[in-house]
Amino acid sequence: MITDAPRIITSRFDNADSFTLSGYEATGGYQALRKALGMGPAAVADEVKTATLLGRGGAGFPAGVKWGLAPENVWPRYLVVNGDESEPGTYKDRLLMERDPHQLIEGVLLACYAIGCGQAFLYVRGEMPLAQERIAAALNDAYAAGYIGKNILGSNFSVDIVLSWGAGAYIVGEETALIESLEGNRGMPRLKPPFFPAAKGLYMQPTIVNNVETLSNLPWIVTNGGEAFAALGAETSRGTRMFAVSGHVKNPGVFEVEYGVTTFRDLIYAPQYAGGILGDRALKAYIPGGASAPWFFEEHLDLPLEKVTVDRAGSMLGSGAVVVMDETTDAVKACLRVVRFFARESCGKCAPCREGTTWLEKILQRIQDGYGRPSDLDLLMDVSDNISPGIAWPPKQTTICPLGPSAVSPIASALQRFRPEFEARIAQAEEARHSVPVNISKVSSHG
Amino acid sequence: MARLTNDNVELAREIIGRYPRPKSALIPLLHLAQEQDGYLTDDAMAHIGELVGVSSAEVLGTASFYEMFKMEPVGRYMVNICTNISCQLRGGEELLAHAEKTLGIRPGQTTSDGLFTLEDVECIAACTEAPCLQVNYRYEHRISNEGFDQLVNDLRAGRRTDVPAHGVLAEVRQHIPEDRRAGVVTPEDKDVPVWISAAGESNR
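Taken in sequence, the protein lines are chains A and B.
My numbering numbers the first residue of the first sequence as 1 and each following residue consecutively.
My numbering numbers the first residue of the second sequence as 1 and each following residue consecutively.
Keep in mind the hints are simulated off the structure, nothing from the lab.
The reader is advised that the hints may include incorrect statements.
[As the list claims (entries may be wrong)] Heads up, incomplete: computed chain B residues facing chain A, CB under 10 Å, no partners named:
{"#": "1", "residue": "Lys23"}
{"#": "2", "residue": "Glu72"}
{"#": "3", "residue": "Gly114"}
{"#": "4", "residue": "Leu115"}
{"#": "5", "residue": "Cys127"}
{"#": "6", "residue": "Tyr139"}
{"#": "7", "residue": "Val172"}
We treat Cβ as the ideally placed atom computed from N, Cα and C, and that holds for glycine.
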């Protein structure tokens, strides 16, 4: 269903001055902060809880609940903003940082006020200098205007927001790896338990790690109330959400739609969204939530973009990345490319992921190159099973983070649905091998 | 081989001063060194180690984990072509093949005039604008083969003044004014934040 729900987080995207302080103030900017200071921290936290704002980074955990996981009376607490957007297919946090940095900053301030954080770290992906630049300028302006720093707007609330940045590593999007990176280390995830960030995070202190899009929703929630937010969307997926639709569509783009009610068919085919498949060709498959998500097909098109429904159907909305493949797509090639990504990005800490993703890539590469063996398909499943036992959804892990199991998703999807394509590629290879002329007389034995 | 310049040492001290632990400044300082020299020299890494109080081996340990840090000189322009799934579906691999032909190098190599280094990279978050690439991390969207050749010609002719030298990221830096600064919160600062305690919420 296509609705006329308000645009909550992309409302300023069409304004030429959306990233400036004056442009932000002229469109209601920093009014939520003023309101919050009059409400008190507990009331702000309650509004976010009422809103039932699900995290927009990938896991979809309710933000209000996450905030509440910090142990009582343990101080200091830190807020870390995850702006390390790098899940293949995902394109939304960069836009929010480049086009509306003050909205994000106001969201950070509201979160720090509610949780009790005296310092926040805004970690932006290294490869995004424009986002870094816009945020640096916005921070400088907001400090000068009295919105950040000591005694904000004359209140007793004080917080510093520090811009920090990465240097090229997908794994740093995982929150404990992000914390390691912020501590100046290699970005390798920490074992959970005991290192749940809310309990033992940055410098072993309670730390809340929130995604850019999640925080960007807070000014609207505080201004309009948690109930107004919760009135939008479906029961288990409230508000609105940004989805990037890429691949074989006529009008690839990033769209903010009402969460939980808009369907995949709406998003992929409606003229105001992606506008249908290129050349009106048939749909082969689509990835509903970033490279880590198992693929969906024609029969899933009428599912709403709703967390629980998609989870139950065997995949996830993840980071709001819909990648569309039409009937001309080579399933082996697409599967190899996604697996190759995880192999390249494995941090190497856990053997099943480090060795497993590397072998999955090598095996798929030889199938693609015409050197596949009939036993390779079982071998792919066997290696996958060693990374993620049972190859089930949600995936089980033999690793300390979900990166390894993510490499299994495209294999399970492509092999289940398009097995004949893999088999044909291998049969072709077999045939070619048997037809190679061999000059027996020149072969000598060293026996 | 260059250590950080005096100006950059001053900047480095300001950056270190924003973090509860000096080592947290390591990645920002490595970017600063790369901005200065175009890549990470051994001397700069040793210097950064002195500034944040860790060994140069630890600095290298961190630096070598991250794709963006280059331990050897690269071309003036890093051309990073995305071939991940959204770009692959829209011709990213063909674009890469064309770039190899145009530049006469393979991914990971630098042209003999030292102008271009080509890389085959993972998703750069411009998926709806596929196929896309970055030159020194500045985006080029929906680029065709002809568009690529034009880009290379423009860069060669010095017509792309909007693209700074390799290593330069944001051209605006954060600066926290002394009179507005709330101050670093170290793990040792165990006091309840004043706006929390003043609100009198016993359950927090």
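Right, here's what the structure says about each hint:
{"no.": "1", "hint": "Lys23", "result": "4 Å, holds"}
{"no.": "2", "hint": "Glu72", "result": "16 Å, violated"}
{"no.": "3", "hint": "Gly114", "result": "22 Å, violated"}
{"no.": "4", "hint": "Leu115", "result": "20 Å, violated"}
{"no.": "5", "hint": "Cys127", "result": "4 Å, holds"}
{"no.": "6", "hint": "Tyr139", "result": "8 Å, holds"}
{"no.": "7", "hint": "Val172", "result": "4 Å, holds"}
The structure fails hints 2, 3 and 4 (numbered hints given earlier, in ascending order).
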